[in-house]
Amino acid sequence: MGKVKPGPLARRPDNSAFQQQRLPAWSPMLTANTVLPFFYFMALICMLLGVWLLLTVQSTEELKLDYTEAGTCNLCFEKRKNVSNAAQPCICTAVFNIKKAFKGDVFFYYGLINFHQNLRRYMDSRDDAQMVGRKNNLKSPSSYCMPFDKDKNGVPIAPCGAVANSIFNDSFTLSYMSSSGSVRVPLLRKGISWYTDKNIKYRNPSTENMTLPQVFEGTAPPLYWQKPVYDLDPLDKNNNGFINDDLIVWMREAAFPSFKKLYGVLHRANKPFINGLPAGNYSVEISYNFPVQYFRGRKEVVLTTLTWFGGQNHFLPIAYLVTSCLILLIAILLTVFWFKFGKNGQNMEE
Amino acid sequence: MFRKRPPPEEERKVRANDREYNEKFQYASNCIMTSKYNIVTFLPVNLFEQFQEVANTYFLFLLILQLIPQISSLSWFTTIVPLALVLSITAVKDATDDYFRHKSDSQVNNRQSQVLIRGSLQNEKWMNVRVGDIIKLENNQFVAADLLLLSSSEPHGLCYIETAELDGESNMKVRQSVSVTSELGDQNNLASFDGEVVCEPPNNKLDRFCGTLYWRDKKYTLSNQNMLLRGCVLRNTEACYGLVIFAGPDTKLMQNSGRTKFKRTSIDRLMNTLVLWIFGFLVCMGVILAVGNAVWEREVGFLFQSYLPWDPPVDNFLFSAFLSFWSYVIILNTVVPISLYVSVEVIRLGHSYFINWDRQMFCSQCNTPAEARTTTLNEELGQVEYIFSDKTGTLTQNIMSFNKCSINGQTYGEASDPLGPQPKRLDFTPFNPLADPDFCFYDDTLLEAVKVGDTHTHKFFRLLSLCHTVMSEEKSEGELLYKAQSPDEGALVTAARNFGFVFRSRTPGTITTTEMGRSVTYTLLAILDFNNIRKRMSVIVRNSEGRICLYCKGADTVLLERLHPCNQELMNITSDHLNEYAADGLRTLALAYRDLSEDEWEAWSERHRSAAKAASCREDRLAATYEQIEQDMVLLGATAIEDKLQEGVPETIAVLSLANIKIWVLTGDKQETAVNIGYSCKMLTDDMTEVFIISGHTVQSVRQELRRARDRMIEMSRTRDGKEEGVEGCFMGNGFREGQGDSRGGEKQLQCPPPPPSNLMDNISGEFALVINGHSLAHALEADMETEFVSTACACKAVICCRVTPLQKAQVVEMIKKHKKAVTLAIGDGANDVSMIKSAHIGVGISGQEGIQAVLASDYSFSQFRFLQRLLLVHGRWSYLRMCRFLCYFFYKNFAFTMVHFWFGFYCGFSAQTVYDQYFITLYNIVYTSLPVLAMGIFDQDVPDQRSLEYPKLYEPGQLNLLFNKREFFICIAQGIYTSVVLFFVPCAILSDATQSTGVPLADYQTFAVTTATALVIVVSVQIALDTGFWTVINHVFVWGSLGLYFSIMLALQSQTLFGIFPNQFHFVGSAQSTLLQPVVWLTIALATAICIVPVLAFRFLKVDLKPQLSDTVRYTQLVRQKKRKPAGRSVGGAWRGVGSVSEGRLGARGSSRRSGYAFAHTEGFGELITSGKNMRLSSLAMATFASRHSSSWIDTLRRKKHSHTNTPPSASGESSPAPSCVSGSIPPLSNSSSVLCGSQDAPIEEETGAAPDTQTASTSSTQNPPAPAPASEAADGLAQTLNAGVLTPAALRSQGGDSPGGWTISLGAVQEALLRWKGRASASNSPVKLAE
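Just so you know, the protein sequences line up as chains A and B, in that order. Residue numbering for the first sequence follows the working numbering, starting at 57 and increasing by one per position. Residue numbering for the second sequence follows the working numbering, starting at 486 and increasing by one per position.
Simulated from the structure, these hints should not be mistaken for lab results. Only a predicted model underlies this, so the values are computations on that prediction, with no experimental measurement involved. Check the hints yourself; a few may be wrong.
Unchecked claim - Listing some non-contacts, in silico: residues in chain A with all C-beta distances to chain B over 10 Å:
1. 170
2. 195
3. 247
Claimed, not checked - Label pairs and their calculated CB-CB ranges:
4. 585(B) to 90(A): 25 to 33 Å
5. 234(A) to 560(B): 54 to 62 Å
6. 349(A) to 560(B): 33 to 41 Å
Backbone N, C-alpha and C fix where the C-beta goes; we use that ideal spot for every residue, glycine too.
Sequences are here, hints too, so could you generate the full structure?
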């Protein structure tokens, strides 16, 4: 445009395909030749996927146990109703039976029902800068954490916020009641969080030869916690502080009010758990701390095996199958319509 | 900038040549400023303007809401980033616009004009011209300011101006200076002129000026007759001097150009309504969610308080609900996307550029591309229903050409055979050296008849050469310039000139012509001037033999009544010819003469004298005397003048009317002219059922005429329908309803004047046309008659309004806008069209002509009327289509995007938690989804441009507003909501149970957010892919690019680096990596996409397959190529292409309607001017001085160069005194040589060569018989020689022909070139010898 052309046609626009709107272009059109085959093809694909997924899902096992008031836990349930008993420990046991052995890796989840981790203010009530180990934020938590940013004495809370404060603090011990007596089911409690969470998102403040308690000196544990953050895992001192797996799992907020979170994975090193969980009776001993009665919630334990695409999930294959049927139906209807009314573009005549 | 505005003027005092005095009053300078900002004021003013937009204020309000922590559900930047983007894009656009305004201002302001400062002429920029300056204007220059004409080069201080710029009237006007100042003459006297003008303050009345000139203790009244207004062009006047009275913004031109109204398109208005609805919808959603929040907080949240206590100010659930309402307003605000308006602007800008770039709308003759001056109206171009067109300069070129004639029952100029070879254009030069080379005629039989000496033909052309009020100017020998007051007359006199009857000069009492090479002088006895009532003019002349003859030309209707009844047969034949001509849309005139005896003349002239002296009723008595003598005339023949249509006008009108666009012609011209043009551009045809003419002068008569027209229409269409009833069922229905309506209407008619039975009028079949006069229109536009007029006029195929004022033009447009709710387009070229251009939805200005007023007021401008079809049918249609598709998609994608939050509300306790990451919300509209839809909005095409011209019916969806209306909007919304349901519930159902292959649950919020966002982006991308009908490279790049951009930006935003810097802002770290590696996530996305798209695809397929639109059909045929080069489609374009601008291809049946008209754009009074001799040069002496003064002017030079091929090469030597005289004879050397070369056939002319110099030399010496005004310099030569014979040195002479050397070489070149053409007949070596003489 910038250059001045000589001659009487100086102001004539350039004859470029772009300026004259003549760019080579593909103008597709929805004709029967393309649309109908596409529909059949889609239906077929969905059908195949659905069947395959369904078969895969069939091979998984899942067990859910609502232990809120199950077994001896009804006592603890009653006990937790009173806030003044909050500090008192309560241990109860729930019993269940596995009819068919769980083959392969078995995953142990705890589930909460009707617990809203997805409330806006709840989700905002955390300080990621604190949890990534920023020194400044450790002592002066973000205002988003209010009212869980400082305790009554004005000492900053670490980790601050409603999310950390409400951490699920039941613990479980699973036992297999074999013929030879009760065998404790070994659970791996590590590697249950995202890699990025464990290694990037949550970091302890740099220690510089200080012990973790020293680093966290001058901070208070969240109000509902019984233990300070640097003392969450008494067995493994590298699993303490902000990089505690249970804390990380809890801090990854659930999208829906009912959710399950990974508690542990079956350690398949020894018999009889090399192939998974054998069929039989099991008991789970629960250190019942987390009160759910305030918000009419439920607690449960979930045991499941996995396939390549995750745990037992019947919705996906069924959705695919239903979709495929619908597409097929539409395809057939379209074919009929086309054949009767619009074949060979007869409506295209003017 | 901040200068205090002086108080409004009471009166204006201007003293010439006295800047100090004038500066006291602080009059505006001649600098005009149309720009809005300067560098300092730009930012505040522009921001202020932008925040006056409701949308922008709304987003500002949202921004403030977001700053309240209890409410803020989104970070502040989700609003401020798009807002800043939008504001800056708009600001850049405004700045560019204003820059161009600055540029055009400075271009105008920097034009040069010659100002008389301290006695000498100095070049000054226009902006430096001050009130009170005296400036000099030269021919064809624009007047720089409103001037009081002081003196001019023409006698009596006359000067001619063209006011087309101002009022659109293309005929020339005369202005005259006050006599005292006209005597001042040259600049020395003017420099000492110190008169003072006291006049009215600046106003916008173009035709009025009152003031007084005080000079030398005398008062002179000034009127509009003395004024030259800014914007006028000086014509046919060498130069003139004027005193600046009003300058710059005070000029009448600027006072008239009011602030342009801001135009909005109907899509704009619809969009605004829809946006309001969406706001309503938003509030509803907010309320629903707030109620939900109240319930939830009361039932659940209340219990949940131990984990999440309410915010401090919240003490109950109701307050929480109130806050939640505002939080949701923030979240859901994306249903009214901030980028909507800016995207629309961008798309329109793109379309405007395509209009500017269109080579097919580029006029190579005038080097003018089309220009979209307003960038906001493009899609409205696709919805036009009514076009209001000016006539002169718009439909026509305002060039008259002598096309045909009928002489003594023989018609000439007939195009032989439209299919045969193009007839050759006649070359007049060998026959007649004085011929105008630009004249075109194709029938050589007429030339033969002239050469043979047919008396009738000779009489015919003699009449044409004598009976007129044209004035001639002969710059140099043989170079005649006619100053015709109307182009028709010019055309006739030029025709006579070319056929050997050359009108050369006139004095008040004589007319000198060259008849077949022989100079003849007639004594002019009387001019019986033209007026509207007489519709004819006559001259009475005495020829050299003493015979007196009356020559008359006039409208055939008038003239045929006054013929001698002896030759009835000739009258019949001529009458037939006239009909033929009229059917071709030519302007016809009948010619007649009458020989008068000396006694008759004496008797009549006595009566005439007494009538002329009469004190009372002079006009009437004169007319009566004229009437007496214009009797018993003998018919000579008829002429047909073509008012040259612009190229392609009939075709364009035909195509546009096929596109169901109604075209109204609104013209200031006479009824006859307008109707003629109506016929010639095929708006009116002879097949039309009836053409109604409304010309009543009173309210009653207009009402009656309208009513009669309506009754006729109903009657006629009923009879037509009756005939077709058996054939077509649909007509039966019409007929039935009409019958009913009519009977009811009939009853009502008895009681009160019936309201126009509109349902009846809608069903008129048959082609009617309405012609309405200005004075009738004035009544028809009155409030109570409007509806009646509209219903009548709109039932007609064509409507022509003639003699309308600019104001009425606007009123007509307003009326249609009001009553029809249709999109109107006004097209015109003159300042008289400005009002209608401004009031119509779309104003189009014809550029490239002289005037720029209309262009300045217009929204689009181009230089040819025919480009209108491309503008509307191609660009307009595409724009509309693209805009509609864009809007549909845009609303769809935002609903799909936003409504997901609504569904999530039910799961998250109505806590106003968003589904997506805040960055996704920020970027979704401005990055992830903006480009593909912009590309579609800018580049999409459903059918190629040729097809839309071939099938004008494709335009109809736009007029009916089918592509985007409330229904379509709801469909989009529904689709959007459906998509949002799918996008929320499918991932929700799948993910809530699913886990990663590592066992980690997928139901966490971040995974869900990423999955939903990805699914959304993919679904809307697939949808845009479906919507895009024209996949250019750009579309591909944008669609794929957007997807790629989405993933890369997401990965970047969730990367470790950003998290490391701002951990609280980028807490989604790692979600994308973790999520997108999961097969379940992809299965979810695929499923959601399939569920979203499949129904859409099915519906679209069914729609195309079962109920295809015309565009689908066209597309299909194109795709399948079943019928190659579809003959039916071609015929539309092809057949019309054959209808040339000339008369071949007569479509309408020839016959019945004769539309004769003395169709002159003529005003009376020129005859008087001539006979008074006012406009004649008084003495040769004056001319000599004039000539010497001006011979060096560049215009002269230019002209000489231009005409050098007929011009004398200045003989550059004083010694050869015969040369000038020889030259001033009728045969210039070039022609001379050529006539020598082919002398054998041009014998008579050869003889004349000798005779002509005699008259010439004789005339120079005798002042009593003034010379044929040979071009001034030549006359000066002659004069100088006679007066100072021998004294004059050759050098002095040479200096007079200022351009000699250059002129010489150029003309020599031209001569040689011309000679080469004669190669073969004579050797080229001949001529240099001759020239050297």
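Now the hints, each set against the structure:
1. A Cβ of chain B approaches the Cβ of residue 170(A) within 10 Å, the least distance being about 8 Å, so the stated non-interface status is violated.
2. Every CB of chain B lies more than 10 Å from the CB of residue 195(A), the least distance being 16 Å, so the non-interface label holds.
3. Chain B draws residue 247(A) into its interface by the beta-carbon criterion, the shortest separation being 8 Å against a cut-off of 10 Å.
4. Taking 25 to 33 Å as the suggested C-beta distance range, the pair residue 585(B) and residue 90(A) does not conform, at roughly 47 Å.
5. The hinted window of 54 to 62 Å between residue 234(A) and residue 560(B) holds, with their beta carbons roughly 56 Å apart.
6. At roughly 36 Å, the beta-carbon separation of residue 349(A) and residue 560(B) lies within the given 33 to 41 Å, and the hint holds.
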